[in-house]
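Required output: the full structure, derived from the provided sequences and hints.
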Amino acid sequence: MYNNKITGKVIRRLRLKKGLSQEVLSGFACIQRSHLAMIEGGTINPTVDTLWRISEALGIRLSKLFEMIELETDSEADTRCLAPTSLSKTASHKAPDKCRRP
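Numbering follows my numbering, in which position 10 of the sequence shown is assigned residue number 10; successive positions increment by one, without gaps.
If you're looking for bench data, these hints aren't it; they were derived computationally from the structure.
Heads up, simulated DSS-like pairs for lysine-lysine below, C-alpha to C-alpha not over 30 Å straight-line:
1) Lys64 / Lys18
2) Lys17 / Lys64
3) Lys5 / Lys64
4) Lys64 / Lys9
5) Lys5 / Lys18
6) Lys5 / Lys17
Spelled out as structure tokens, the structure:
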């Protein structure tokens, strides 16, 4: 499931890896710095156009950005599904439906 916070986390990680400030990246992407801050903070849902601009400013393809977001989403979902739970001896050991993949 799509998560704004994960999208922001990935963008922030890429920005820092490139050694860019929010001010510089937002300038390259032609968006407001405050808009980038809200995206990185996970408080807004960026449009595809905005993600396209950010990915170009970071020097990566939009498809690569989506792939990184998807991998991070899967990683966090796996972590949640592997979290310890207190199961009784009679409880089912099946993964919750939200953790199952088709």
